[in-house]
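Each chain, written out:
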Amino acid sequence: MRGLIAGGVYIPRFRLSSDELETAWGTSHAAGVDQKAVPAADEDTLTMAVAATERALESTSVDRAAIDTVAAATTTPPLEEGDFVSRLVRMLDLPANVASTTATHHTAAGAEALSRALDADGTALVIAADCPEGDLADSDHPFGAGAAAFVIGDDPAVAIDDVAWHSNETPGIRFRERGQRDTESLGITTYERDAIREAVTSAATSLPVDLETATAAAVHQPNASLPYRITGDLPLSPDAVSAGTIVDQIGDAGAATVPIGLLSALDEADDDDLTVGAFFGGGSATAVACDGSLSVPGVERIDDTEPISYSTYLRERGYVVDGDVSGGGANVSLPNWQQSLDQRYRLVAGSCPECGGVTFPPKGACQECHARVEFDEVDASRTGTIRAMTVIGQGGAPPEFAQLQQQDGAYTAAIVAFETEGGSVTLPAQLTDVDPEAMAVGDTVRATIRRIYTQEGVTRYGVKFTPINDGER
Amino acid sequence: MRDAYVLGAGQSSFGSFPEETYLSLFDDAFDAAMDSVDTAIDPEQIDEAFLGTLGVGGRQIGLSGPAVTEHLGLHGVPTTRVENACAASGYAFRQAVTAVRSGLVDVALAGGYEVMTDASSDHTRWWLGVSGETEWERTSGTTFAGVYAQMASAYMDEYDAEIDDLSRVAVKNHGNGAQNPKAHLGFECSLEDASAAPSVADPLNLYHCCPTTDGASAVLVVSEDVAREHSDTLVRVAGAGASSGRVGLFQRESLTSIPASVRAGEDAYESAGIEPSDLDFAEVHDCFAIAELLAYEDLGFCDRGEAGRLLREGVTDPDGDLPTNTSGGLKSKGHPIGATGTGQVVEAFKQLRGEAYVQVDDPKYGLTHNVGGSGGGVTVHIFEKEGMEGSA
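Sequence order for the protein chains is A and B. All the letters of the first sequence, read from the start, carry residue numbers 1 to 473 under the numbering used here. All the letters of the second sequence, read from the start, carry residue numbers 1 to 392 under the numbering used here.
Warning: the hint list may mix true and false statements.
[Said to hold, decoys possible] The following label-pair restraints were derived from C-beta to C-beta distances: (1) A:N336 with B:S120: 57 to 67 Å; (2) A:A371 with B:D164: 57 to 67 Å; (3) B:E70 with A:R382: 55 to 65 Å; (4) B:S121 with A:A137: 31 to 41 Å; (5) A:D322 with B:G320: 35 to 45 Å; (6) A:R446 with B:D164: 32 to 42 Å.
[Said to hold, decoys possible] Some but not every residue of chain B turned toward chain A, in silico, with C-beta under 10 Å: (7) T124; (8) E135; (9) A149; (10) A154; (11) E253; (12) L322.
By construction, these hints were calculated from the structure, which means they are not laboratory data. Ideal placement from N, C-alpha and C gives every residue a C-beta, glycine not left out.
The shape of chain B in the complex, shown without the other chains (with noise of 0.2 Å):
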């Protein structure tokens, strides 16, 4: 099996634009990722193309991935949409992954696109629902931030958590995304204001919660004469994990950790031939709070029950033994759903690159870590800075 390389990765800005479409947003991000590429490429080379996207508010909701193509002027490449709730874009690089492993493609296109600031609260809050167990877990009355703050409540029920536990997460990740000019949120907040905020659901509060965001974001996956073509730093996918995971949290034989996250980190590790301690950064999936703390424990950061300690003790800040979150995270910089999968990819891209706006000091390897809904669907993928010289 060859090898695949990121050759090229950018994003649309993350924010509320009224303004703006589904297709805008991606030409926006389909222009950045073209010219993060050392060497130009045209996209007529462009094979085959795997969009994610949940779709959030209707709109296009058959053909949307082809209708972006298409506006792009890819004229006639292949599209396949990939819907995987918030894991869509990272399921979508997968496949793009897949297809120039498998030597079928030279030079696919993977990405994400999601508007979600548009609609009425209402219908917003239907849209919320969609990914969670519909006939059990939604008829309980819960959208998203209900099921991870009974997450929340078993963990601290099992470990004696604390409400800071969770609010250092967004400390962090705010301080990081305050200097993402491309952040939703990219303020920063104190651990008082962070702990003190409106509860959403108990007990996770305002700043244990990803805000709903608009934003897209694209990919160059490429073989490795394709990215030696055209680049002067090689960045590799050194190991794919993905595993799917029972849909509703009731169902799963642990509330205080997402099987699934264990499943793909394992494989990833294993493919990628390192372990959790060769990292040298890492994006993990922090749509709430929680989700950061068992990010960590699932992907062999830290024991379990670990994870608040790792906040306190600073091993995932930006000077941290393993930077975790550096653009922000889902939290200050946003989470639109299809495009958060690939928006890591960004972040891993640049940092390897040194090109990040919190950047890590000569990093190595990196694991960007994509959830949908609460853990039905998982992938982690690893990437590695090659030198020019270096072999596959």
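The following block holds chain A by itself, in its conformation from the complex (with noise of 0.2 Å):
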């Protein structure tokens, strides 16, 4: 038997109510949408992914070295065609041999992929994430972000009964054009209607259980009231419903909308309750069984919010902001920026093997004694201080963090300093995720992985720093 192991859950923290939209738009289509996600300027489906899948691993003993598979689904990758999977296998520092998919084209990608993990041998990742796009008139309204992550397995916590399947031609229900940004629909509405209950019903009555007896169902939810709509055909409670429901909360996540409510339904759940996952994307439905809880880390943290404004909104989202670089970047080559990546991904410092000093990037001679050495490889802490800081106003920043600047307002650049087990070394970063007023030198931050600028297409993630909360590890 094969089932979850782990999961964990990431949103981000800006939420626009939809009583701001409909403030801006005097119409909200975004039904039953109190609040929606929305990613911060340097954060997208990768980052998201990334912070998702970090705390899943956090919660269990399940060494990333062993992780056979990783199968990733999101509708909205940073390109339409590059490297997605392979990214996250240097953030998540999985092995270069991991077996790796990507499905996506569909917000029933993250059945795909969990059904990938499912059929696969030995441990296997999860990972939706997503942030659509649409016309901001209309079909942008219930967009929200989010990410979701499980660790597949054998003797898992929640078994997984069944896969169930269903699928045919409806075209037109949600739809991106090659090229275009907005996601579509044409809003044929009782024939969209019945064509997703027709495909959600066959998938789910071909479970091998008795969906009478489901505490939660987590079904596709491009709105708050469709789940209830689409599942008239079938036994499920309201209650069961509204249990596996979270779009009310985070919007309309895409591919990761599903996966977030079953395992926010999972977190709620106790042993021996059975949970169904119903996804519907590009014709194809597809149902779940889930027996079994699971404790699911970022869940807790989902009312953790920051209310935003809607200029703010569309500022963050990118929707007014001209990306380009003007002036000249960063003189850093795509091929330094790789080498690097070890360092701005896990901050692996050098130690020195003749003074056993500690020196970051591990480069060049050793900064303590001055000795041109061969370091061994040092894994510096999470979690750092800040020795030095500075916000940056607009105007302040060189050319390829305008748009950062723009979309996210001032920044903090910040010197930050790291234990390792040779003694401490320190590293340049922007703080996120922060009121630049409300950090002062000494205080503690942990290190998440961001966009950090986009120069000639390429996007370059890299370490930035959050504050540690109250009550955070």
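Put the two chains together into one complex, using the hints given.
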């Protein structure tokens, strides 16, 4: 029997309320959505995927070196073509020989990824992350963001009994043309609802379980009313559907919504509870039956939010900012950047075999004794202390950071000290997810991976630091 | 080893001059340097030239040094362009001193030039970040203001310093620069103005930052024989120190000191055979207000954490024990990157000859301190006024 060993959820902290949306547009096309999660300017599906997966891995004893398969799901990879899962492999320090796949193209991609992991041998990761975009006046209204990660293996805490499928051609329900940013729907209401209900009903009734006994059901939820309507032909109680519905708090997070709803339901479930997942996308429905419960880190922080205005929303999401770098960007070549990924993602420092001093980055002569040595690799702690900091206001940023500043406002550039076995090292990095005014020299911060800057179409990712909140480890 | 002397020194006006080029600005500086010599010297006597520039804006990236000397009519003179960011001409001057001391040349031209105000604001910001450590410091989103602001934050945290301690640098240096007709920002400012200015990189505000400036400066470095032949007042290069440091602030052992300044200062004092207390004036590298505070401490003007007190007590005012940045400093006189190092020498030369705009009473020893980037390269020079009968 295979199933879930661990899970993790990450939701960006910004929330746009539907009241703000309605004030901006005079109407809201986000039925039942109270508020939606908004990724910050330096977040995307990759960074959210990493954040959710780190939470999942921290909650289990699974060794990341022992992971055999990684299956990612998203409808909004940062690049339409290019590196996605390979970046996750480096950012998460997974073994290079991990079998990988990216499911995309529709909102049921998470089911495809989950199925791949269940079919595989050994330990597998499933990561669903999404942040769809749409026409601001209409289809964008319900679109939120978030990520869910599942660690799949044998002898699980939550057994996944079966996966059932139903596929039919039902065009026009949700699609994005090649080269376009906006996800669209033709809005043929009855046709759409009937098609989804038929597919979900067919898949769910194929499961070898008694649906009446389900205590929770995470069902395809582009808004908060549809899950009830498309399960009308199923013996699922409204309470069960409610327990698996998360869209009202985070918005429609594309391929990640049902996975997040599923994990949030499992976090609330008892050990002998049945939880059902029902995905729909691109004409296909997939249903899964889950037995058991699981404590899922990140679920408890879904309510840990910061409300934003509609204008901030437009800026953070980049709807109103031109992304071109004007005046020239930093002269760091991609080959050089690529060579430093262990430092930028994992803070790998160098220990001097002669004096024991630590050097970061571990290149050139030892910073302590100035000898030219072959460094031994040492991992720095993921938490550090601010030794110096400045707030870079409008106009003070190098050109490649002008876009970030236009989107996210003034940012804090700090020098952060980290402890390693051989002593402390310092590195310069930005703080993120923080009010610059609230930070000071001496504060402790935690490493995370975010977008650093984009030049010539290629986004560089690397370490930034977030404040450590009360009650966190 | 024989001694090197400063025979003449001059600068163009510092400011924003859309009608000028780096070539025409250096013409002005060179003419001023030649005019400052008591008994005219033939330009054909110049054996070699060392010219500093970062090359802001790109323009003539390759071979700008020879372009300058050929434009001047110093035809065929071997010319080396020196690049050490804001310390470019501090190092060019050091090269000239070394060349004369070695006996290889009798007359060397040292100088620098920079044009910084003719590019778009985006392009200018790109250039202002090129001398920080590129792979980590720059990509954390900082330009120079940000890196010095980080030093200021660490300094203020360590010593409980206040914004006014930074602002007093601006008040003093603007007070001096207001009397210097060649200064870029030749106006006075009050402590209130200096502390209430808009933020550039917190905690540094506009008055804690030097301007971007167009300008050039030139110095004639000569042997003792040449100096005695052409000058009534001998200005000897009594001490020379220089040191490198890690280019990135985060790579250094201290965030509240520039270690290369300490090393360069110690070497300069030792080679001149004097102590900081022997100095009569100093020109220090005040690209940002915090840099002047650090300079006081790194160069031994006071103990660690005492720089704010020096400013409060007026020790570095023109009528204090150690007048500092009587030219207006980088803050008021301006900071045309490559021209700054030899620009400081111009002020030292004028002070020792009694020709400064803010004149110190009969000085004997003066110091110049030039910092590249946030401390990757530093030069310190000490100058001594000799009587005509004095020996080296």
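| field | Numbers of the earlier hints that this structure fails to satisfy, in rising order | value | 1, 2, 5, 12
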